[in-house]
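There are 2 protein chains.
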Amino acid sequence: MQAEIITIGDEILIGQIVDSNSSFIGRKLGEIGIDVAQITSISDQREHILTAMSAAAARVDVVLITGGLGPTKDDVTKATLCEFFQDSLQENEEVLAHIEMLFTTYLKKPTSELNRLQAMVPSQAIVLKNEYGTAPGMWMEKDGTVFIAMPGVPFEMENIMLSGVLPRLQTKFERPFILHTTIQTYGIGESDLAMQLEDWEDNLPPFIKLAYLPQLGRVRLRLSARGTDQKRIEEAVAKEIASLQKLIGTSIVSIGEDPIEKRIGALLKEKGYTLAAAESCTGGKVAHTISAVEGASAYFVGGIVSYATRSKTEVLGVEASLIERYSVTSIEVAERMALKAKEKFGSDYAIATTGNAGPDKGDGDVEVGTIFLAVATPDGVSSKEVRFGKNRAQNVARAVNKSLEMVFNLLK
Amino acid sequence: MQAEIITIGDEILIGQIVDSNSSFIGRKLGEIGIDVAQITSISDQREHILTAMSAAAARVDVVLITGGLGPTKDDVTKATLCEFFQDSLQENEEVLAHIEMLFTTYLKKPTSELNRLQAMVPSQAIVLKNEYGTAPGMWMEKDGTVFIAMPGVPFEMENIMLSGVLPRLQTKFERPFILHTTIQTYGIGESDLAMQLEDWEDNLPPFIKLAYLPQLGRVRLRLSARGTDQKRIEEAVAKEIASLQKLIGTSIVSIGEDPIEKRIGALLKEKGYTLAAAESCTGGKVAHTISAVEGASAYFVGGIVSYATRSKTEVLGVEASLIERYSVTSIEVAERMALKAKEKFGSDYAIATTGNAGPDKGDGDVEVGTIFLAVATPDGVSSKEVRFGKNRAQNVARAVNKSLEMVFNLLK
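Here the protein sequences come in this chain order: E and P.
Mapped onto the numbering used here, the consecutive letters of the first sequence carry residue numbers 1 to 412.
Mapped onto the numbering used here, the consecutive letters of the second sequence carry residue numbers 1 to 412.
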């Protein structure tokens, strides 16, 4: 069975925000065996909303709508829903009580007139509670199609999806079994990987589909299998993954959605090791990436962002003479930074980065995109020079990726 | 005039990646006065692509397509374009030469068979050079509608948009003048802001539209104006912004897209001050956010991520007795961290964060979501306790936002 997502709001069309809501909804629907056939982003305009709703209803069983439910004048979704369902708004007591509770408890003030209007919902709608906000989710049906409207604020929508939408969809619809499996690889480009996997790919059973997802120097593979026999599908996918392990096992970071920083965390915990960081050009992103993993405090001790050269000597303790001799952006300084971070934090491993992320050469000694990475280990220090492009954010992201791959390789 | 965007690839529908390409395309088209009427994300399937292309062509003048141009078997866009345009593929010499150059120069190996296929393009297509990859952009026309196909890899697509697509669109079409202006605010919730602005909003001229964009405790306002008389529009928008400044000036971070970290950077540079950071629960994200701004090395000296308690004493130099007395997550320790960072890095200002980002209480002394923020200044130290929810990533992001708002307030 299939669903479509309609996101309402000019901010997506004019590129002011990225539509992360659809991504969340697609993932969650996939987990319960509902396919998203299309995502349509449209403006806050009555006619456009009505057209998109009718078109989607002609194609699928479930239409999920986000956005346009705020209390302000630019939000027209609720009035348009009434028009589509030939319904009218009426005040919902439960929603009003919830809004008043939110105001009393968190905002410590009386409910504003504008927010009281949030309790007005189409009379046919089943209300889906919005734990974290004033705009409730709404479930409505017309000619066999379910329409679900949710606010566009991501964490409010997510909570309504998990607590209201998914359980209701699971009860209402019979669904096929769908299994998406991601295999995260590194170190091989997309076309080399495709050539190495050509025979294997040609021999995949017809109910398993393969996709290549390249991103910032890494390729994720996705196997999507579907059918009615869950056991048969799971076994077939497990068999294909075992074949993949034989073919490209050394280039696999993880099977599933675990990012490399989570795998690094698991390896560090398993071996009882700790990790620190000394960052220049990555400016704290290595530390942030590692510490974003839940439970990172078990192995991540800390880091120094030695952005200014003076902080490399005075805070991190790299010798000024070394910097003078080799330049602040050099393999020697990267190695020394890693060793000093290991020493300062008393850790077993330490990552270091220094280089020019761009976009200008500035007063640096190396070209934009040239970055030096080092990892201190219990046995010594490894290092690497990498060359990327001219985009600052991308250079930082790629340097973080590469440095994590170095630690991962050393820990494996 | 209007355009539509079609993104092709199951990875968006199943929520494996977020569609940031459409956001970029929408922004860039808006800048040259082309409106995006709809964004449609569909699967890698021939029929679905054909249907979406026909539907879009019936509505708008320009259809931009991304994705499905890779060398692997799951990519079917090029074959489908041939079907739509009743065309066939032929080898393009320039594209082939570019692919061979990429292989020789960067990959230092001969062009693979699979990548030679990337030089095959529909015979009617005008090729738009892909500086950074093997899949060229393609410009084709049918019955007065322009179709542009680009690879889905963001930085490849972005380069093709800037160097090939936008200049061609500007030459081919007459366009109205569109002016989008963002006003970034902080410290007032969406509905309070809407009430404060009600009279002003009611009196906006009909060609100026207002939208509220709330995100992580902040609200961005967007004014969208359009017409043929550029001067009249610019003056009208400037007048409305001047009124806004009078109404909510103290809550405005910036007019335009500059994020608060860029405004902080500008204020620091203007006053000749420097900034450092000492982070616990934010794990490096404060430092990363500040250093992500181009030219941050002029005022950002560095930071210490004192994640483990031991690193707060041994690396940052906070007194163990203070931590023991008040707890590692306390306003007193946050203040001390800020002062120690200022001292260590010899900076004028320093931000500090400590608290429990969650999702579990762990062995901490405070509830999940309780975070202490401090800013050391040339005159002393300010601090604040904030309480957020249970989501780790969101708590970190909100704490970073709040800490930046504190510095901004102190610098203004």
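Treat the hints with care, since some could be wrong.
Taking CB as the label site, the calculated pair distances span [stated by the list, open to error]:
hint, chain 1, residue 1, chain 2, residue 2, range
1, E, Asp258, P, Glu113, 52 to 62 Å
2, P, Gly380, E, Glu94, 40 to 50 Å
3, E, Met101, P, Trp200, 28 to 38 Å
4, P, Asp258, E, Glu94, 35 to 45 Å
5, E, Thr104, P, Lys384, 20 to 30 Å
No lab work stands behind these hints: they were computed from the structure.
Just so we're clear, the structure is a prediction, and the values are computed from it rather than from any experiment.
Virtual Cβ for every residue (Gly too), placed ideally from N, Cα, C.
query: Honestly, which of those hints from before does the structure not fit?
result: 1
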